[in-house]
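Visitor: Take a look at the letters that make up each chain.
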Amino acid sequence: MTSLILALMSALVGVLLIVLIPGENKKLRNSIVFLSVLLALVFSWRTGLLVFAGKSIGLKVELGRFVWSLRPDPLGVVFGLIASTLWLFTGVYSFGYMDNKEKQGSYYVFFLLALCVTLGVAFAGNLVTLYLFYEFLSFATYPLVIHERSPEAMKSGKKYILYSLSGAGLLLVAIVLTHHLAGNLAFGAGPILEGLSGPGLNWLLLLFVLGFGVKAAVMPLHHWLPSAMVAPTPVSALLHAVAVVYSGAYGIVRVVYSVFGRELAGELVFSKIFLYVIVFTILAGIIVAIRQDHLKRRLAYQTISHLSYILLGAFTLTPWGLAGAVFHMISYSTLKITLFFCAGIISELTGKSSISKMKGIGRGLPGTMVLFATGTLGMIGILPLNTFWGKYYLMKGSVAGGMWPLALVLIISGILNGVCFIPFIIKAFSGEKNQPAGKTGKRGYREYALFIPPLVLTIAAISMGLLPGMVWPAVQAVVDWFF
Amino acid sequence: MAGVITVNLPVFLIILPLVAAFILPTIGRRQRLQENLLLVVGSLGILGAGYLAYLVMDGGISSVYQMGGWPAPWGIELQVDGLAAFFLLVITFVLFPVFLFSRGNLAEEVGGREKTARFYVLILLLGGALAGMALTNDLFNVYVLVEVATISCVGLVSSRNHPLSAEAAFRYLILATFGSALILGGIGFIYIITGHLNMGFAAQELAQVWQYRPHVVWMALIFLLTGFGIKAALFPLHLWLPDAHSIAPTPASALLSGLAVKGYLICLFKFFYRVAGPFLLQELAIDKIMKWAGLLGIVLASLMAIRQDELKRRLAFSTVAQIGYLFLGASLLNTRGLAGTFFYLASHAVIKAALFLSAGTMLAATGKEKVSQLAGIGRKMPVTTAVFTIASLGLVGVPLFSGFVGKWYLLLGALDGGDFLSALVIIGGSVLCAAYLFPVVRLAYFEPAEIEEAEDPGIPQKIALVFLAVLVVLLGVMPGTVLDLAGRAALDLLTP
Numbered sequence: 001m002t003s004l005i006l007a008l009m010s011a012l013v014g015v016l017l018i019v020l021i022p023g024e025n026k027k028l029r030n031s032i033v034f035l036s037v038l039l040a041l042v043f044s045w046r047t048g049l050l051v052f053a054g055k056s057i058g059l060k061v062e063l064g065r066f067v068w069s070l071r072p073d074p075l076g077v078v079f080g081l082i083a084s085t086l087w088l089f090t091g092v093y094s095f096g097y098m099d100n101k102e103k104q105g106s107y108y109v110f111f112l113l114a115l116c117v118t119l120g121v122a123f124a125g126n127l128v129t130l131y132l133f134y135e136f137l138s139f140a141t142y143p144l145v146i147h148e149r150s151p152e153a154m155k156s157g158k159k160y161i162l163y164s165l166s167g168a169g170l171l172l173v174a175i176v177l178t179h180h181l182a183g184n185l186a187f188g189a190g191p192i193l194e195g196l197s198g199p200g201l202n203w204l205l206l207l208f209v210l211g212f213g214v215k216a217a218v219m220p221l222h223h224w225l226p227s228a229m230v231a232p233t234p235v236s237a238l239l240h241a242v243a244v245v246y247s248g249a250y251g252i253v254r255v256v257y258s259v260f261g262r263e264l265a266g267e268l269v270f271s272k273i274f275l276y277v278i279v280f281t282i283l284a285g286i287i288v289a290i291r292q293d294h295l296k297r298r299l300a301y302q303t304i305s306h307l308s309y310i311l312l313g314a315f316t317l318t319p320w321g322l323a324g325a326v327f328h329m330i331s332y333s334t335l336k337i338t339l340f341f342c343a344g345i346i347s348e349l350t351g352k353s354s355i356s357k358m359k360g361i362g363r364g365l366p367g368t369m370v371l372f373a374t375g376t377l378g379m380i381g382i383l384p385l386n387t388f389w390g391k392y393y394l395m396k397g398s399v400a401g402g403m404w405p406l407a408l409v410l411i412i413s414g415i416l417n418g419v420c421f422i423p424f425i426i427k428a429f430s431g432e433k434n435q436p437a438g439k440t441g442k443r444g445y446r447e448y449a450l451f452i453p454p455l456v457l458t459i460a461a462i463s464m465g466l467l468p469g470m471v472w473p474a475v476q477a478v479v480d481w482f483f
Numbered sequence: 001m002a003g004v005i006t007v008n009l010p011v012f013l014i015i016l017p018l019v020a021a022f023i024l025p026t027i028g029r030r031q032r033l034q035e036n037l038l039l040v041v042g043s044l045g046i047l048g049a050g051y052l053a054y055l056v057m058d059g060g061i062s063s064v065y066q067m068g069g070w071p072a073p074w075g076i077e078l079q080v081d082g083l084a085a086f087f088l089l090v091i092t093f094v095l096f097p098v099f100l101f102s103r104g105n106l107a108e109e110v111g112g113r114e115k116t117a118r119f120y121v122l123i124l125l126l127g128g129a130l131a132g133m134a135l136t137n138d139l140f141n142v143y144v145l146v147e148v149a150t151i152s153c154v155g156l157v158s159s160r161n162h163p164l165s166a167e168a169a170f171r172y173l174i175l176a177t178f179g180s181a182l183i184l185g186g187i188g189f190i191y192i193i194t195g196h197l198n199m200g201f202a203a204q205e206l207a208q209v210w211q212y213r214p215h216v217v218w219m220a221l222i223f224l225l226t227g228f229g230i231k232a233a234l235f236p237l238h239l240w241l242p243d244a245h246s247i248a249p250t251p252a253s254a255l256l257s258g259l260a261v262k263g264y265l266i267c268l269f270k271f272f273y274r275v276a277g278p279f280l281l282q283e284l285a286i287d288k289i290m291k292w293a294g295l296l297g298i299v300l301a302s303l304m305a306i307r308q309d310e311l312k313r314r315l316a317f318s319t320v321a322q323i324g325y326l327f328l329g330a331s332l333l334n335t336r337g338l339a340g341t342f343f344y345l346a347s348h349a350v351i352k353a354a355l356f357l358s359a360g361t362m363l364a365a366t367g368k369e370k371v372s373q374l375a376g377i378g379r380k381m382p383v384t385t386a387v388f389t390i391a392s393l394g395l396v397g398v399p400l401f402s403g404f405v406g407k408w409y410l411l412l413g414a415l416d417g418g419d420f421l422s423a424l425v426i427i428g429g430s431v432l433c434a435a436y437l438f439p440v441v442r443l444a445y446f447e448p449a450e451i452e453e454a455e456d457p458g459i460p461q462k463i464a465l466v467f468l469a470v471l472v473v474l475l476g477v478m479p480g481t482v483l484d485l486a487g488r489a490a491l492d493l494l495t496p
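Those sequence lines, one after another, are chains A and B.
Just so it is clear: in the first sequence, position 108 is 108 by the numbering used here, and no numbers are missing.
Just so it is clear: in the second sequence, position 118 is 118 by the numbering used here, and no numbers are missing.
Covered by chain A, according to a simulated footprint, are these stretches of chain B (three or more residues, beta-carbon under 8 Å): (1) 423–436; (2) 473–480.
List time: in silico DMTMM-like cross-link candidates among lysine to aspartate or glutamate, alpha-carbon distance up to 25 Å: (3) A:Lys103 <-> B:Glu453; (4) A:Lys155 <-> B:Glu310; (5) A:Lys159 <-> A:Asp293.
Across the chosen pairs, the derived CB separations fall in these ranges: (6) B:Lys370 <-> A:Phe280: 43 to 49 Å; (7) A:Ile411 <-> B:Gln282: 58 to 64 Å; (8) B:Leu184 <-> A:Asn202: 50 to 56 Å; (9) B:Gln211 <-> A:Pro199: 38 to 44 Å; (10) A:Ser197 <-> B:Gly3: 55 to 61 Å; (11) A:Asp480 <-> B:Gln282: 51 to 57 Å; (12) A:Lys26 <-> B:Glu167: 55 to 61 Å; (13) A:Pro199 <-> B:Leu303: 32 to 38 Å; (14) B:Glu167 <-> A:Asn100: 52 to 58 Å; (15) B:Gly111 <-> A:Lys103: 40 to 46 Å; (16) B:Asp309 <-> A:Pro405: 51 to 57 Å; (17) A:Leu196 <-> B:Thr177: 50 to 56 Å; (18) A:Asn100 <-> B:Gly458: 40 to 46 Å.
Hints were generated in silico from the structure; no laboratory data involved.
Just so we're clear, the structure is a prediction, and the values are computed from it rather than from any experiment.
The C-beta atom is built at its ideal place from N, Cα and C for all residues, glycine as well.
Chain A on its own, in the form it takes in the complex (with noise of 0.2 Å):
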C-alpha cells in the first residue's frame, strides 16, 4: 500500500520542488525530475510485482457520500508500468530535446503532474475514482498540447479539451447511470453489472463508449489526436501515442471486463456493432495516414488505427483476444514512441517535418533512421519484434471467437502499415545525402540524451520479440484475472 501511495506522491512531490525552487536553474531542475519519475516507476514496479504476487493492495477512503479508492488490479498494473516506465525515457529524451526551448519550467511541471494522473487512471479502484483521474488528466495534459502557445496550437488545444470534456461528460452520465442500475461502483472478482440483462443496457455500454472513445481516439471521435500534434515531440510521443490515448483504450477494456463482464457484453448487439466501427478505424486510420505528408500527422493516424487493434481484442471476448490486446499494449508503446522520438530528431536536427523534403535523410542520419526502419517493421508486425506476438494472438482470439474476418483485417492492416512507410524509408536511404544542416560531427549531451532512449527501447522490443516470455506472465495474469 505504502508503494502505491509512493508511486502517486512522488511526481507530485517533484511539482512541487519545481515550484517551489527559485530561479533557472537547470541542471537541478532536470534531476528534479529524473528521480521523482524515476522513484514513481521503482514504487510502482513494486505495487505491480505484488499484485502480479497475487496480494491485494489498496486504498479506500470515504468522504461524504463517495468513495475514493485505488485498488490495481493486473490489467491497470500493466498499463501503469507501461505509463511510469515509458515517462522516463520521454523524460531523458526531453531533457534533450527541450533543452533549447522556452518556458522548460511549466513543461516539466504538467509533464509530472500527468505523470501521477496517468498512474491514478491506472490504479483507480472504481468509476467515480476512474472519473476523477481521467478528468484530470485532460487538464494537466492541455498545457502541454498549448506549449508552443502559437495560434495554431491555442486551436487544437481548444479542440483537445472540448473533446475530452464532451466526451468524460457522457462518461458521468454512464457512470450515474451504473450507479442507479447497480448501486455500486467498484472494480471487484465479479462485473458490476452482473446479473443485469436486457436491451436498455445497449445505450449504457454506447455511453461508456463514446466517453471513453473520445481518448481512444475511435473514428469518428478522433480529430483532436492530428491536430494534437503541434505539441512538443516528446509530448506528442509519451501522451498522444501511449499514455492519454491508452487511458481511453484501457477505459473500454475495463468497461467491458469490469462493468458489463463478458458474458453481458456479448449478449448487447451494441458491442457487435462496435466491432464494424473498429475495423473502420483500423483500416480508414492506416489509410489516411498513408495521404499525410506532415510527418507527425501520418504517425498519429497510424496511432488511431493500431489503438482499435487493442478494442478489436477486447471486443472477441475471448482469453486469446484479450491476450493479444494486453500484449499489443505493452508491445505497440514501445515502437510507437520510438518512431516519434525518431521523427523528433529529425525535426530538430534538420528542421524538416514534412515527408516530400526526407529524401536521402537517412544517409545523413543513419542511426535514426535505422531505428525508425525497426519501428515501422513493427509496426506491419513481423518478428523479431514484439509487435508480431501481439498481433498473433489478436489473430488467434478472433478466429477462437468465431470471427476469422477480423484476422483478415489485422493482415490487410499490415500490408497497408507496409505502404505507409517502406516507401518513405526506402527514399531516406537512396538518392542525395542530406545532411544536417547545423551537424558538426561532435555529439554533445543533447545528441545523447535524444538518441538512447529510442535505441533502448528497439533493442527492448526485439529482445521482447525474441523471447515473449518475458511478458507473458504479465499478460497471463490480465487474462487469468478475467477468465
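Model the placement of chain B on the given structure of chain A, informed by the hints.
Guide: Using the frame of chain A, we list chain B on its own:
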C-alpha cells in the same frame, strides 16, 4: 437564558440584520465602526444558522415557531425545518465574505465614503428579507418579504457610480414590480379558494377544492411561476438580469447572483411543494413547464454567455443558465433530484459569489472590463486568479469541487425518473460552462502578459476570496453534512 435563545433562534436570525439595518445609519459617519458592526452581524449569523441547523438535524427544536405565541390560523408561523436551516446557512455563509470583502474598498464603486452606509443598509435589509423567506410559512408574509428584497436589490443595482446604473436599475424595477403584481395575484387566487394564508392550512384546503376550480388553481400557479420566474431570472424571463447584475457594485453583484435570486426560488418551491404539492404539479403539468424552461435556460443562456466579451456580463448570463439547473432539478419531483437541487443551489451561491468578487477585483485593479484584455493576469494577481480558477472548476463540475456533487445528484435524480434528455442537458451545460469560463483561466495563465500594473487586493478582500474558495473545495471533498441537510430539506418539502 440559553433556553430562551434556543427557542427564539429562528426569529432572532430574521431580526438581527433588520435591527442592524436601523442602527447603522446612526453611526453613518464612522466607517470603521460600521464595518465592524457588519462583521459582528455576519459572524452571529453564521453561529446562529449553524446552531439552528444542528438543532434541526438533531430534532432539538420544534418545527413550528409561533410569532408572539399565537397559534395558527390566528397568529403567524415560522416553519423551522431542514429547508429553512439549509437556506439560512447558505445566506450567512455568503453574506459573511461579502461583508468582509466590502471592508475598506467600497467607497470608490458607490461614489464616495458618505454613500457606503446606504449600501450597507440595503444589504442588511436584503439579508433580513432572505432569512424571512427561508423561515416563513405564511402566504402574505412571502409577498411582504419579496417586496422588501426587491426594493433592496433595485437599490443595490442603482448604487454603483456608473452612467448606466440608473437605467439598469429602472428596468429591473419595472420588471420586478410586474413580477410582484403577478405574485400578489397568485396569492390572492389561493386565498380566495382556500380562505387561508397559512401554508399548511392552505395546502390541506387546496387538496380538497382544487378539483372544483382546477383552472383557478392552474392560473394561480402560473402567476406564481411567472412572477417568481421574473425575479429569479427563469429563462426566458431573465431580460433584466445581465444588465442589473453586471452593473451593480461588485459585492452587490455577488449577493444578487449568489443569493437574491435563490431567495425567490425558495419561496416558489414552498408554494409549489408545500402548498400545491407534487401531485398537483404533475396533474396541472406545471412540472413540464419548469423542466422545459430549465432545459432551454441551461442551453441558450450558456450559449449567450459564451458570446459575451465583458467578464461580468458573462458571469451574469451564467447565472441564468445555472438557475435553469435549479428549475430542472426541482421539476424532477423526487428526493434525490431535489436534494441535488438544494446542494447545487448552495454550491452555486458560493461559487458565483467567488466568481463575481474575484472578477470584480480584477476589473477594479486593471480597469479592463473585457475578457480578452485580461491576458497574463494570473501572474500579477495570483490569489484572485486562483480563486477564480477554483470557482470555475467548481461550476464546471470537476470532481473534488462542489459543483460535481450537485451535478451527480441532479443526474441521479434525472435517471431515477428515467429522464435521459435532462441528464444529457445537465452534462452538455457543463461543457458549455467550460467553454465560457476556461478561456478566462487560459488567458490568465497561458498567454503573454498585456497588463503592466495590477496587484492582489488588501487583506480583508483576500481573506474573503480565499474563504469562498475553501468552501468550494470543502463542499466538493467532504459534502457529507451539507448533503444530509439538503436531503432533509428535500424530504421536508416532498412529504407534508
